[in-house]
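J.: Residues per chain, in single letters:
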Amino acid sequence: MSTLTRPPRVAAGSPVRRSSRRRTGRRGAYKGVLFALPFLVGFLFTYVLPIAYAFGQSLHEKKSSGLGFGPTKVVYTGFSNFSAVLSDGAFWSSMMRTLLFGLVQITVMLAISLLLALLLDGVAARAVRFFRAGLLIPYVVPSVVSTLMWLFLYSPTISPIVDVAARAGVHLSLFGGLNTYLSLGNLLTWQGIGFNMILISASLQALPRELYEAARLDGAREWRIAWSVKVPNITGILVLTGMFSLIGRLQLFAEPLLLRYVAPESISTDFTPMMEIFDKAFKTGNYQYAAAESLVLAVVTGILAFVFYRVTNRKMS
Amino acid sequence: MSSATRAARPNKAAGASGGGVRPTRGAMALTTGLLIVFLLYSIAPTWFLLVSSTKNQTDLYSTFGLWFSGNHFVDNLQAIWNYHDGVFGRWIGNSVLYSTVGAAGSTFISLAAGYGISKFGFRGRGALFAVIVGASLLPSTLLAFPLYLVFSDIGLTNTIWAVLIPYFINPFGVYLGKVYADTSVPTELMEAARIDGAGETRIFFSVALNLMRTGGVTIFMLDFINIWNNFFLPLFMLNGERTFPVTLGLFSWVQQAQTARDMNTLVLTGSLLSIIPLAIFMFALQKYWRSGILMGSLK
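Quick mapping for you: the protein sequence lines, in order, are chains A and B.
If you count the first sequence from 1, position 80 lands on 80 in this note's numbering, and the numbers rise without skipping.
If you count the second sequence from 1, position 34 lands on 34 in this note's numbering, and the numbers rise without skipping.
Only chain A is shown next, with the shape it has when bound in the complex (with noise of 0.2 Å):
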């Protein structure tokens, strides 16, 4: 960004020669970075800005002045904040369930749309038209909606599944121990094998067909070709998806916070790292701590991106 504000340096070489053309380039410089102008003054106001200001804020702490009784003053306190998200067991527990909990429903939900993708490969054209709407109508769903639709199919007094498991005789409890994750994990994979059998579907279809070609005349049959050759030629979509979709998880907040007022018992305040942060802001009224988490946060995050960008980078090439 600074790069921006320096003044231009004076080209090397004679100033007269082609002067003309400079000047047409120096006007559109100037006039290119006009263009790129409201952008940039945005960008640093809502970009920038916030991060440093939450870097700041995130290097003191409210301390009250008296015997606790007087009014509260930020004071400056260096690391302080850090140090203590750094040592925070429940912001690391947080996130090792999320992501632990991620990697699972990622893993099944790609699998699914890997499916899905496959099976519409094999069906007539006017056939993946009809499936492929309404798969994804999923997508069409806003996600605090689609949340609060499985909150009712998940909810003991009004679920029909409830109601169809009791009719079996079976008590069913969608919520308490492992059925929570599974009853997030099922609207998580919901709400996502549509968009992701999109995306598969699409780098199905750039494949050469010749591959098929040559395996159909070596007798290969369908369910053969689709995993012997289709699949492996797509593993860069697949490692893709899943890295953008556990990323997505560590931001994980609308859904668990929802379900929580069904399950307050099984979904704690502190269940995913945003709901923590959440929490510490606006509950507990610490904003100097939610800022030192939320910049940890993103640290944690691009370090992941970093990690994955150079294992898949090595992979494709």
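To be clear, the hints were calculated from the coordinates, so they are not data collected in a lab.
Check the hints yourself; a few may be wrong.
Said to hold, decoys possible - One-sided and incomplete, this derived list gives chain B residues near chain A with beta-carbon spacing under 7 Å:
no., residue
1, F122
2, F168
3, V174
4, N229
Unchecked claim - Derived Cβ-Cβ restraints for the label pairs, each shown as a range:
no., chain 1, residue 1, chain 2, residue 2, range
5, A, Y30, B, G197, 17 to 23 Å
6, B, L66, A, P232, 37 to 43 Å
7, A, G89, B, A127, 48 to 54 Å
8, B, I43, A, F306, 50 to 56 Å
9, B, R213, A, D218, 45 to 51 Å
All C-beta atoms in this analysis are idealised placements derived from N, C-alpha and C, irrespective of residue type, glycine included.
Dock chain B against chain A, hints included.
T.: Leaving out everything else, chain B in the frame of chain A:
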């Protein structure tokens, strides 16, 4: 061998069916059967929502959730309309406002910035573009709290600007804008317009914007869907229910239901209503939809 496959390909293309598969009858039945199972899985919850919105409180608890019993849809609509002087209608209106104004602003700012970065060789544009790509990877939820800190200090929270301004700035939109400017605005055309004496602003508005129209629609559509679905930023920024978008409004009803009266029929019917504008929007733009999803996935 290769000449044989090459010869076979045009025929296959002319056949124009799915993947050129030769399935057995059993395999076909299995394929279709599995697809139908997952189709039902995808549709059933929305079906449940539709059915539930026609029930009154008693039927909701006493009848089977996936089938109708007595039609109280109009009663539910009236109940929603009467609740807190029609605040629900206001929420839908807010969502429409945030989504259209936010997406329009973001689309224009993104196209202009993408065009500037693509077509003008100013110093530091490589670094700027790298920052933009990096920022587009940053999940917006992570920014919500830092944004709240700044906005509450300058007194912006609880105004519509607290959500609109962050919606305007979308690094991924700039990335798409640059890609579209790269591919759809020929530099020769800009040169020709310059020779004709047109200023840079005029060239942008009357030549470049037209050429980038498809890109603009894609950016607008992705933004619109994201803003309509957004919950996180409004939750941090907004306090009074008059400014809520519909997602946050529904959430506040769920919260109230814990302490006050049973609001389940309202929440269910309201949820259904909140999907309808988005569904209409996506239906209207279905031509751009799939390519939009694929573009969005680059993120």
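J.: Does each hint fit the structure? Answer for all of them.
T.: These are the hints, each one checked on the structure:
1. F122: 4 Å, holds
2. F168: Status holds, d = 6 Å.
3. V174: With a closest approach of 6 Å, the V174 (chain B) hint holds.
4. N229: 4 Å, holds
5. A:Y30 - B:G197: 17 to 23 Å: About 19 Å separates the Cβ atoms of Y30 (chain A) and G197 (chain B), which means 17 to 23 Å holds.
6. B:L66 - A:P232: 37 to 43 Å: 41 Å, holds
7. A:G89 - B:A127: 48 to 54 Å: Hint violated: Cβ distance 40 Å, outside 48 to 54 Å.
8. B:I43 - A:F306: 50 to 56 Å: Given range 50 to 56 Å: violated, Cβ gap about 39 Å.
9. B:R213 - A:D218: 45 to 51 Å: Hint holds: Cβ distance 48 Å, inside 45 to 51 Å.
Checked against the numbered hints given earlier, the structure breaks hints 7, 8 and satisfies all the rest.
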